[in-house]
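Just so we're on the same page, the numbering used here is the position in the sequence shown counted from 1, plus 387.
To be clear, the hints were calculated from the coordinates, so they are not data collected in a lab. All residues carry an ideal CB built from backbone N, CA and C; glycine is no exception. Heads up, a few of these hints could be off.
To be verified - Cβ-Cβ distance ranges computed for the label pairs, FRET-style:
id	residue 1	residue 2	range
1	Gly-439	Phe-504	32 to 42 Å
2	Gly-476	Val-430	11 to 21 Å
3	Trp-459	Ile-494	38 to 48 Å
4	Ala-435	Gly-406	32 to 42 Å
5	Val-448	Gln-428	16 to 26 Å
6	His-486	Pro-427	32 to 42 Å
7	Ile-493	Gln-431	43 to 53 Å
8	Leu-420	Met-505	19 to 29 Å
9	Lys-396	Gln-431	42 to 52 Å
10	Ile-410	Arg-507	16 to 26 Å
11	Thr-401	Asp-434	35 to 45 Å
12	Pro-399	Trp-441	39 to 49 Å
13	Ala-484	Ile-410	25 to 35 Å
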Amino acid sequence: MSEYALPRKWSPKTAALIGMRVILAALFAAAALAKIAGVPQMVQEFDAIGLGQWFRYFTAVVELAGAGLTIWPRRSALGAILLTGVCVGAFFTQLLALHGDVIHTIILGAVAGGLAFMQRSQLIQTR
Numbered sequence: 388m389s390e391y392a393l394p395r396k397w398s399p400k401t402a403a404l405i406g407m408r409v410i411l412a413a414l415f416a417a418a419a420l421a422k423i424a425g426v427p428q429m430v431q432e433f434d435a436i437g438l439g440q441w442f443r444y445f446t447a448v449v450e451l452a453g454a455g456l457t458i459w460p461r462r463s464a465l466g467a468i469l470l471t472g473v474c475v476g477a478f479f480t481q482l483l484a485l486h487g488d489v490i491h492t493i494i495l496g497a498v499a500g501g502l503a504f505m506q507r508s509q510l511i512q513t514r
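Whole structure, please, built from the sequences with the hints as guidance.
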């Protein structure tokens, strides 16, 4: 079966996984595009962090890579792990540097981590 073919057994779990992957990828891709486009709020946040605007672009690239991998069926767990890492970094940045709202980073991190956990069998395959 090719990696783009539908699974032979369509189940609610499969539908939920696909839905989670698409929603998570769309959210992170939108955030990355806002960073790349230079939305004033993003520029101000990264100024407040104090690492420079290069870090805004770096974060956007990591988010886009994670979103792309999350959509790719055979690499979805890897993408979810990458996005979980982004959320952990965002949590500590919000908590320590920006003193902002951390609940969104917790929720997105939990969803990304849950997605990685549900697809953990991808990580141990040797193909």
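Okay, the hints, checked on the actual structure:
1. Take Gly-439 and Phe-504: their Cβ atoms lie about 34 Å apart, and the range 32 to 42 Å holds.
2. Between Gly-476 and Val-430, the C-beta spacing of about 18 Å keeps the proposed range 11 to 21 Å intact.
3. Restraint check, Trp-459 to Ile-494: a C-beta distance of roughly 24 Å breaks the suggested window 38 to 48 Å.
4. Distance hint for Ala-435 and Gly-406: a CB-CB separation of about 34 Å, consistent with the stated range 32 to 42 Å.
5. One distance hint, 16 to 26 Å for the beta-carbon pair Val-448 and Gln-428, holds here, with the actual separation near 19 Å.
6. His-486 and Pro-427 have their C-beta atoms about 19 Å apart, which leaves the hinted 32 to 42 Å range violated.
7. Roughly 23 Å separates the CB atoms of Ile-493 and Gln-431, a value that falls outside the hinted 43 to 53 Å.
8. Restraint check, Leu-420 to Met-505: a C-beta distance of roughly 27 Å satisfies the suggested window 19 to 29 Å.
9. For the pair Lys-396 and Gln-431, the beta carbons lie near 49 Å from each other, so the given range of 42 to 52 Å is met.
10. For Ile-410 and Arg-507, the Cβ-Cβ distance of about 20 Å falls inside the hinted range of 16 to 26 Å, so the restraint holds.
11. Roughly 43 Å separates the CB atoms of Thr-401 and Asp-434, a value that falls within the hinted 35 to 45 Å.
12. Between Pro-399 and Trp-441 the beta carbons are some 44 Å apart, a value that agrees with the proposed interval 39 to 49 Å.
13. For the pair Ala-484 and Ile-410, the beta carbons lie near 28 Å from each other, so the given range of 25 to 35 Å is met.
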